[in-house]
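Q: Chains as they are written, first to last, in this note's numbering: chain V, 1 to 226; chain Y, 1001 to 1226; chain F, 2001 to 2291; chain S, 3001 to 3291.
Honestly, I wouldn't trust all of these hints.
Once the Cα atoms are required to be at most 30 Å apart in a straight line, the calculated DSBU-like pairs of lysine-lysine come out as [what the hints assert, rightly or not]:
{"#": "1", "chain 1": "S", "residue 1": "Lys3157", "chain 2": "S", "residue 2": "Lys3167"}
{"#": "2", "chain 1": "F", "residue 1": "Lys2195", "chain 2": "S", "residue 2": "Lys3167"}
{"#": "3", "chain 1": "F", "residue 1": "Lys2125", "chain 2": "S", "residue 2": "Lys3195"}
{"#": "4", "chain 1": "F", "residue 1": "Lys2049", "chain 2": "S", "residue 2": "Lys3195"}
{"#": "5", "chain 1": "F", "residue 1": "Lys2127", "chain 2": "F", "residue 2": "Lys2157"}
{"#": "6", "chain 1": "Y", "residue 1": "Lys1013", "chain 2": "V", "residue 2": "Lys112"}
{"#": "7", "chain 1": "Y", "residue 1": "Lys1112", "chain 2": "S", "residue 2": "Lys3195"}
{"#": "8", "chain 1": "S", "residue 1": "Lys3157", "chain 2": "F", "residue 2": "Lys2167"}
These aren't lab readings, by the way, just hints derived from the structure by calculation.
What follows is each chain in one-letter form.
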Amino acid sequence: MIALENVTKTYPKASRPSLDAVTVGIEKGEFVFFIGPSGSGKSTFIKLLLHEVQPTSGRVVVNAKDVTTMRPWRIPHFRRSIGCVFQDFRLLPNRTAYENVAFALEVIGKTKAVARRVVPEVLELVGLGGKEHRYPHELSGGEQQRVAVARAFVNRPLILLADEPTGNLDPDTSIEIMRLLDRINRTGTTVVMVTHDSNIVNQMRRRVIEIESGRIVRDQARGVYG
Amino acid sequence: MIALENVTKTYPKASRPSLDAVTVGIEKGEFVFFIGPSGSGKSTFIKLLLHEVQPTSGRVVVNAKDVTTMRPWRIPHFRRSIGCVFQDFRLLPNRTAYENVAFALEVIGKTKAVARRVVPEVLELVGLGGKEHRYPHELSGGEQQRVAVARAFVNRPLILLADEPTGNLDPDTSIEIMRLLDRINRTGTTVVMVTHDSNIVNQMRRRVIEIESGRIVRDQARGVYG
Amino acid sequence: MRLKYVLNEVLVGLWRNVTMTIAMIITLTVSLTMLGASVLLYLQVDEMKDVHYGRIEVSVFLRDDVTDAQRTSLQAALQRNPLVKSLTYENREQAYARFQRIWSDSPVLVTAVRPGALPESFRVKLKDPETYDKLAAQLKDQSGIGTIVDQRELLSKVFAIFGSVQKLALVIAVTMAVAALLLVANTIQVAAYSKRREVAVMKLVGASNWFVQAPFVLEAMAAGVIGSIVAFAALYAGRSVLFGGPSGALTTVLTPIPEGNMWLMLPLLAAVGAGVSGITAWFTLRFYLRV
Amino acid sequence: MRLKYVLNEVLVGLWRNVTMTIAMIITLTVSLTMLGASVLLYLQVDEMKDVHYGRIEVSVFLRDDVTDAQRTSLQAALQRNPLVKSLTYENREQAYARFQRIWSDSPVLVTAVRPGALPESFRVKLKDPETYDKLAAQLKDQSGIGTIVDQRELLSKVFAIFGSVQKLALVIAVTMAVAALLLVANTIQVAAYSKRREVAVMKLVGASNWFVQAPFVLEAMAAGVIGSIVAFAALYAGRSVLFGGPSGALTTVLTPIPEGNMWLMLPLLAAVGAGVSGITAWFTLRFYLRV
Ligand SMILES: Nc1ncnc2c1ncn2[C@@H]1O[C@H](COP(=O)(O)OP(=O)(O)OP(=O)(O)O)[C@@H](O)[C@H]1O
Ligand SMILES: Nc1ncnc2c1ncn2[C@@H]1O[C@H](COP(=O)(O)OP(=O)(O)OP(=O)(O)O)[C@@H](O)[C@H]1O
Ligand SMILES: [Mg+2]
Ligand SMILES: [Mg+2]
């Protein structure tokens, strides 16, 4: 499902590579925790999968498609099969919570009627019932994060990438979100989750990939944090 | 140092108050954890202290000054005595890490020479040595957060407000930052910190104020999380 | 569905980015008004040229010793001539009366000319003033003719001025069109710049280029059409002010602008406004945001 | 220190917000060019009015039966007269020669006037053409005078046109000044809009209004000055094109623009550009961002 082959990424201004000759494979339906210190290259990994940044060298294969050599006009379609919770949320600032989530449905060509049925349901799931018509700046940090989570899975993607989806959430809400991700994973969706929350990792007991200074230092099937 | 007297804040669009008749006092030199579920009103509390939002009713006194009735032209000067780490960082997007931190010094009228001496030191303290000349979008989430922390305390404010300053940091870096805040607190600075991290709260054993749906439900001198 | 989404997006977009939209409309209004004014000036001078051209006469002055027979034969020849549109005869008294009337404010000149000193003449209007030379050649062997005077030459200075004004109007029109393009490109670039984060997010969520671009382009075109309507209103108001009553600033210089030319501006400006802004928006997004 | 910070900020700001800055400069350039052109047109027509005014003569025609004594006494009276700037005498032959020269392209008129039919005259240039009536009154009791002709009346049509063109130039200048104001206000509003988050952050960190506003205002003023310089260059280039050589579009209509007027535009445009953009920036930030 996801395969990185000897991938190195050095940003123009950086003195050393953010990802250094990383080779890793993730199967369909897996649930993978990505952990590591701040600045170790976790978000860079996610960005490579989305073709948001291009690797300096190496091959990135997602969904049996080589992302590195993909034609520009194929990228939008490719991205529609991936849901992503970004570390900085990336909500559209002048759309309400409802519209932000509905946008992911509009993009794949769903009708307004479908959106009207599905979106409130999904927002309810992440605990935002009643706040559909708020703009992002009218929501608390954690609420914005939950809108981002809702948008990422509303169109049932094949792959769900989540970059610290519980960073702004209290433990109880975090567990709710984790349950949700787990449920989504059980329907066959591959989930890659970056996190700093040791409690969650230790509780879930899933595959853990640990990264440090751009190199994979641990890859454990039913791992714990640190 | 900080006193809220029967403060209620209802946002225009909200159906119920985000802070509901809150009365609380914080002494000079205290270290206070503010905890509570997502959307319970923690950031609203911080914003009230900074005069970023005005209370619907009640009195907010900071630094012996009544914030609610403060003249507009006094606000900039008032804010210079408060350092704040915002939940969404609020870095200036077209200034480098160095310039973002130096800005807080320029604002209080320090010379460039002082900035050249102090800023690299402070950035080194938060673990960003060598990344001074990166723009915010060229830093990882955790690195941006640490720039925000550096900016908040670089001008040695009387009060330090920190809204989830470790939300994007791994446990080790979080502990570094906590040590830093502790050290700052020992020099006499009042520290108010919002957090979801139970490990940190349990380790530090300081005053804990717990808030739920805008009401204070617990105020404990040497408390633990939840 | 997609189309409905896009249309909805345009309306909502116009409403939400009020600042941007107003900026664009004002920019377009200013440029299009100037453009319209110069095009109108160009057309107007053309019209005035036509009017003057239509008045041009060839004066065939007769010799002092002309005989009745010569005069009759010349008149017949002119009447038969296919180049001639109309013909009037002016005798010496009529010529002197006209001279007195025209030069009434130069009394010295009037007294210097005796009644009867001005020759009789045929005043010929040609179907096409340009065929003067042909007529002159055909009349060469007619006897009794003194001089043949073509007013075209007398009016050459006036026509030179008309030509200059037209050239100038054209220069201004082109300059304004270019300025409009620059200003609109700029406004749109600024709008695109302020939307760059939003566009980036849309693309990360999987929106196609078309999906991101279409509302933007249509929004620009809508602003263009609104701008052109406002510009047209401004031109219309300007016409009333500048030509209104005898005190209007332009009544002495230009003939009044016909309703027809005026209404021609509406589709012209709308087409230019919508076209320029639409195409500019498309190119700006294409190259500036690499949509 | 604060001042140095602000100046540094302006330079860095200009460099960083290239898009905004270019937008502002282009907007200002277009508006200021039009403004400058209309002011130049106004001045030019003024100058042409002066030139025509300077050429105006009062012709004192003498009676056919004038005596030598009368002529001498009249000449002496005119030479003594404080209103008179210069005086030339034209006898009958000179008058006829001049008449022939001026009307050479109207042969019929030339042949209609006998040599000697035009009277002798004194051609008087007045210090101030407006004092014609006074002069006429003073000459009333002098004998031997036929008619006194004031060219002012002959040229009244030309002056009416000049007046209209000046009025029009003024209207355009004011319109362009208003348009410049609107466009600049808009661009700055858009710039302020795109900076609103940044401004909010600065204020939360404790920056005073002055601290936030000053770089912005100075940046706008710098853009205004740059825009005015570019506009000046455009006007200069425009002058070369429109007046360059005999084929220039405007050479037949206007007298060439003097260097002096041209260079006057530079400080004028710079002042208008810097002033308009600076003040607009200040107000925009004040009310739009509630700094
Ligand atoms: N655009 C960029 N230009 C230069 N360097 C960059 C850029 N983006 C990221 N980096 C650097 O690459 C390294 C890895 O960044 P990345 O965002 O992948 O970290 P991360 O593991 O997500 O960290 P965090 O947990 O703090 O979010 C960091 O040191 C960062 O400074
Ligand atoms: N501008 C606003 N308009 C309307 N409602 C708002 C606005 N800002 C915040 N709220 C609401 O007020 C409540 C409290 O918000 P606040 O940001 O204080 O929460 P928080 O405790 O910081 O939560 P988190 O841990 O998720 O950051 C939330 O329910 C939020 O939806
Ligand atoms: Mg990251
Ligand atoms: Mg918060």
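Q: The structure should be examined with respect to each hint, and the outcome stated for every one.
A: For each hint, the structure was consulted:
Taken as a hint, the S:Lys3157 and S:Lys3167 pair is honoured in the structure, with Cα atoms around 15 Å apart against an allowance of 30 Å. Taken as a hint, the F:Lys2195 and S:Lys3167 pair is broken in the structure, with Cα atoms around 44 Å apart against an allowance of 30 Å. Note on F:Lys2125 and S:Lys3195: the hinted pairing is violated, with a Cα-Cα distance of about 70 Å set against a maximum of 30 Å. Pair hint F:Lys2049 plus S:Lys3195 does not hold up; C-alpha atoms about 54 Å apart against a cutoff of 30 Å.
Of the pairs offered as hints, the one joining F:Lys2127 and F:Lys2157 holds, with about 22 Å between alpha carbons and a cut-off of 30 Å not exceeded. Proximity of Y:Lys1013 to V:Lys112 is assessed by CA-CA distance (about 25 Å); at most 30 Å being required, the pair is judged to hold. Note on Y:Lys1112 and S:Lys3195: the hinted pairing holds, with a Cα-Cα distance of about 24 Å set against a maximum of 30 Å. Straight-line distance between C-alpha atoms of S:Lys3157 and F:Lys2167 comes to about 24 Å, which keeps the hinted pair within the 30 Å bound.
Against the hints set out earlier in the document, violations occur for numbers 2, 3 and 4.
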